[in-house]
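Novice: The primary structure of each chain is shown beneath.
There are 2 protein chains.
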Amino acid sequence: MIPRTIEWIGNLEGCVQLIDQTLLPGRLELVQISDLKSLFEAIRCLKVRGAPAIGIAGAMGLVLALRDAQTQDREEFLKLLDTQADYLACARPTAVNLTWALERLRNVAHRQTGLSVADLKRMLLAEAKAIRDEDAATCRTIGQNGLALIKPGARILTHCNAGSLATAEYGTALAPLYLAHEKGIDFTVYVDETRPLLQGSRLTAWELGRAGIEVTVICDSVAGHLMSLGRIDLVITGADRIAANGDAANKIGTYSLARLARDHGIAFYIAAPASTFDLSIADGSQIPIEQRAAEEVTEGFGRRTAPADVKVYSPAFDVTPAEFITAIITELGVIEPVNAETIARVMR
Amino acid sequence: MIPRTIEWIGNLEGCVQLIDQTLLPGRLELVQISDLKSLFEAIRCLKVRGAPAIGIAGAMGLVLALRDAQTQDREEFLKLLDTQADYLACARPTAVNLTWALERLRNVAHRQTGLSVADLKRMLLAEAKAIRDEDAATCRTIGQNGLALIKPGARILTHCNAGSLATAEYGTALAPLYLAHEKGIDFTVYVDETRPLLQGSRLTAWELGRAGIEVTVICDSVAGHLMSLGRIDLVITGADRIAANGDAANKIGTYSLARLARDHGIAFYIAAPASTFDLSIADGSQIPIEQRAAEEVTEGFGRRTAPADVKVYSPAFDVTPAEFITAIITELGVIEPVNAETIARVMR
Numbered sequence: 000m001i002p003r004t005i006e007w008i009g010n011l012e013g014c015v016q017l018i019d020q021t022l023l024p025g026r027l028e029l030v031q032i033s034d035l036k037s038l039f040e041a042i043r044c045l046k047v048r049g050a051p052a053i054g055i056a057g058a059m060g061l062v063l064a065l066r067d068a069q070t071q072d073r074e075e076f077l078k079l080l081d082t083q084a085d086y087l088a089c090a091r092p093t094a095v096n097l098t099w100a101l102e103r104l105r106n107v108a109h110r111q112t113g114l115s116v117a118d119l120k121r122m123l124l125a126e127a128k129a130i131r132d133e134d135a136a137t138c139r140t141i142g143q144n145g146l147a148l149i150k151p152g153a154r155i156l157t158h159c160n161a162g163s164l165a166t167a168e169y170g171t172a173l174a175p176l177y178l179a180h181e182k183g184i185d186f187t188v189y190v191d192e193t194r195p196l197l198q199g200s201r202l203t204a205w206e207l208g209r210a211g212i213e214v215t216v217i218c219d220s221v222a223g224h225l226m227s228l229g230r231i232d233l234v235i236t237g238a239d240r241i242a243a244n245g246d247a248a249n250k251i252g253t254y255s256l257a258r259l260a261r262d263h264g265i266a267f268y269i270a271a272p273a274s275t276f277d278l279s280i281a282d283g284s285q286i287p288i289e290q291r292a293a294e295e296v297t298e299g300f301g302r303r304t305a306p307a308d309v310k311v312y313s314p315a316f317d318v319t320p321a322e323f324i325t326a327i328i329t330e331l332g333v334i335e336p337v338n339a340e341t342i343a344r345v346m347r
Numbered sequence: 000m001i002p003r004t005i006e007w008i009g010n011l012e013g014c015v016q017l018i019d020q021t022l023l024p025g026r027l028e029l030v031q032i033s034d035l036k037s038l039f040e041a042i043r044c045l046k047v048r049g050a051p052a053i054g055i056a057g058a059m060g061l062v063l064a065l066r067d068a069q070t071q072d073r074e075e076f077l078k079l080l081d082t083q084a085d086y087l088a089c090a091r092p093t094a095v096n097l098t099w100a101l102e103r104l105r106n107v108a109h110r111q112t113g114l115s116v117a118d119l120k121r122m123l124l125a126e127a128k129a130i131r132d133e134d135a136a137t138c139r140t141i142g143q144n145g146l147a148l149i150k151p152g153a154r155i156l157t158h159c160n161a162g163s164l165a166t167a168e169y170g171t172a173l174a175p176l177y178l179a180h181e182k183g184i185d186f187t188v189y190v191d192e193t194r195p196l197l198q199g200s201r202l203t204a205w206e207l208g209r210a211g212i213e214v215t216v217i218c219d220s221v222a223g224h225l226m227s228l229g230r231i232d233l234v235i236t237g238a239d240r241i242a243a244n245g246d247a248a249n250k251i252g253t254y255s256l257a258r259l260a261r262d263h264g265i266a267f268y269i270a271a272p273a274s275t276f277d278l279s280i281a282d283g284s285q286i287p288i289e290q291r292a293a294e295e296v297t298e299g300f301g302r303r304t305a306p307a308d309v310k311v312y313s314p315a316f317d318v319t320p321a322e323f324i325t326a327i328i329t330e331l332g333v334i335e336p337v338n339a340e341t342i343a344r345v346m347r
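These protein sequences, in sequence, are chains A and B.
In terms of numbering that gives the first Met the number 0, the first sequence opens at residue 0 and continues consecutively.
In terms of numbering that gives the first Met the number 0, the second sequence opens at residue 0 and continues consecutively.
These are computed hints drawn from the structure, not numbers from a lab.
These numbers were taken from a predicted model, which means no experiment stands behind them.
Heads up, some of the hints might be wrong.
As the list makes no split between identical chains, a pair holds if one copy fits it or if it spans any two.
Here are the simulated DSSO-like cross-link-like pairs (lysine-lysine), alpha carbons at most 30 Å apart as the crow flies [as the list claims (entries may be wrong)]:
no. : residue 1 : residue 2
1   : K78       : K150
2   : K78       : K182
3   : K36       : K120
4   : K150      : K310
5   : K128      : K150
6   : K182      : K36
7   : K310      : K182
8   : K310      : K128
9   : K78       : K310
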């Protein structure tokens, strides 16, 4: 089995331990992080990534930021907490899980009026650990809720990495696959390599392969061709933020897959925990889309592959309108069809 | 200006000179090739690529293969010619221009009953040079025939490289762009990087940039997203083989672009010379699709980006059905709509 993507080691004096995902698949290396700045950087440069894992990392980062605070004054401590939470929230803008987790810690601290600062610190750590444990349970439930989709012989397409590396365990999009594999169901997975950072070929192919699941890596541009040949039965991806009407931001390229799936009569599923829903925004047009550095495209492979100074447009995400999503699989149930009413019913 | 992609230097004792496209955009290097085996290898490993350029390379390769033949017997010489042409045709299977050019040399030689072997050799070289010169003229005419599509302010998407590097001059898909630029029309070009071998970011961005045309490189998965934002006005690509009914094989990913363009109400054009049409096959299902090596995907740029031994599916081309092609721009005229009748009318 793969070690946990992210873990808190020890008590309040301990540290965050995470798999440095930028080194995969070449090297499985655990790094230990004891200060806020390093953790912020680890999120920003994608050592840890995947919407739910970023949420866990943010919560643990906030504990790192606060545990050495000298003040014994509760109000002063809460002000520091708010400042640091705002700072951490800037590490990556699109995934809502980060702000969701930070908000959860903030609420816990502000609610506990009777506690000392020392107790508040311990309580924040307990809450961060709870977020991680709940995410593992959530992912397993998503897996169970999506299990029926994985029929024997199924040929499944996925994009980017929404697996155990992106979450506490199991993953979101990959959870139904892991559970189906545990039950002995045979199926095969086509994995988009997912340019520019290749999370599909580097991470998804690696973790599915280690679990003994049959994987074929394809370039992103091959997916539509495979659909036209009748070689894809369903598409399943994760999401980074889902608006109240079901519009879903996910790794760049997801929108095209959803359109192409519709063109070919293939079901397109998103699997995501409730924490990925942002009911404060009506539709996908309000989701901020992170832009990535040109160098990830022009010299991503360790060698320059485009002319010097060429202009690059590299959004990290795109938004798939709800109408192209067959269903959203959550830990609270399967949302189908996807619209504001069905979402409100499951999320209430 | 860019030197010619491929050129014959000198007389029958001369050699083939070509731009080693595998070194671009880092280094512009001309290599000289004097023997059949090296030229075959140059085609196979994509030092020279692009359907029309492969045709020229094949013709010049056949001259290299035959110029040192010792025999003075015409029949024996023609037999050798047939053998070597068959060998060269295997270098790459999808582009029909290669077999088309070899067939043209074969026909010339077989038709000339009165000539000595020495004269035949000289005639074959003249024919190979004629193929190159005609291709330059053809491309310029394609450019003129497609010029009206390039309106001021147009935002154009292209895939792979169908430019001057892929032809004797001007290119096919890029020819209307070069001519529009000559005429002072302002427009901008989005270039798909085109995995796995990145002909878009390495070659198209390079040659358009050198001509002073505004270029933005995108990952292949960004194209659909740009269409959804209303930021693409038309798509134009080349083709490697077009069946009698208009189904067109081109670089993998083209099919998806055509479908996505249709979904968004965007025109999708193919630009190709008459030599790209293979009227001997009724539709695209009969076009052989070359499979590329897994390593181009898993360690394409000097660094392993997928787990060892992972399965890879990497077709070099896909087939776009005629119904998704708005028009085909040829040197004989613009074919629109695209079907067996309109093609037969222009190609007769």
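Novice: Hints first: check each against the structure and report whether it holds.
Specialist: Hints, verified against the model:
1. Taking the shortest alpha-carbon separations for K78 and K150, neither the intra-copy value of 52 Å nor the inter-copy value of 57 Å comes in at or below 30 Å.
2. Taking CA atoms no more than 30 Å apart as the test, K78 paired with K182 passes in neither setting, with 50 Å inside one copy and 63 Å between copies.
3. Taking CA atoms no more than 30 Å apart as the test, K36 paired with K120 passes inside one copy only; the shortest distance there is 19 Å, against 72 Å between copies.
4. For the identical chains of this complex, K150 and K310 are inter-copy neighbours only, at 22 Å across copies versus 45 Å inside a copy, given an alpha-carbon limit of 30 Å.
5. Taking identical chains as interchangeable, the C-alpha atoms of K128 and K150 are never at most 30 Å apart, the minima being 35 Å within one chain and 58 Å between chains.
6. For the identical chains of this complex, K182 and K36 are neighbours neither inside a copy (43 Å) nor across copies (54 Å), given an alpha-carbon limit of 30 Å.
7. Within a single copy, K310 and K182 get their C-alpha atoms only as close as 49 Å, which misses the 30 Å cut-off; across copies the closest is 23 Å, which meets it.
8. When the C-alpha separation of K310 and K128 is checked against a cutoff of 30 Å, the pair qualifies neither within a copy, at 43 Å, nor between copies, at 37 Å.
9. Proximity of K78 to K310 under the C-alpha cut-off of 30 Å is found in neither arrangement, the shortest distances being 42 Å within a copy and 53 Å between copies.
Checked against the numbered hints given earlier, this structure breaks hints 1, 2, 5, 6, 8 and 9; the rest are met.
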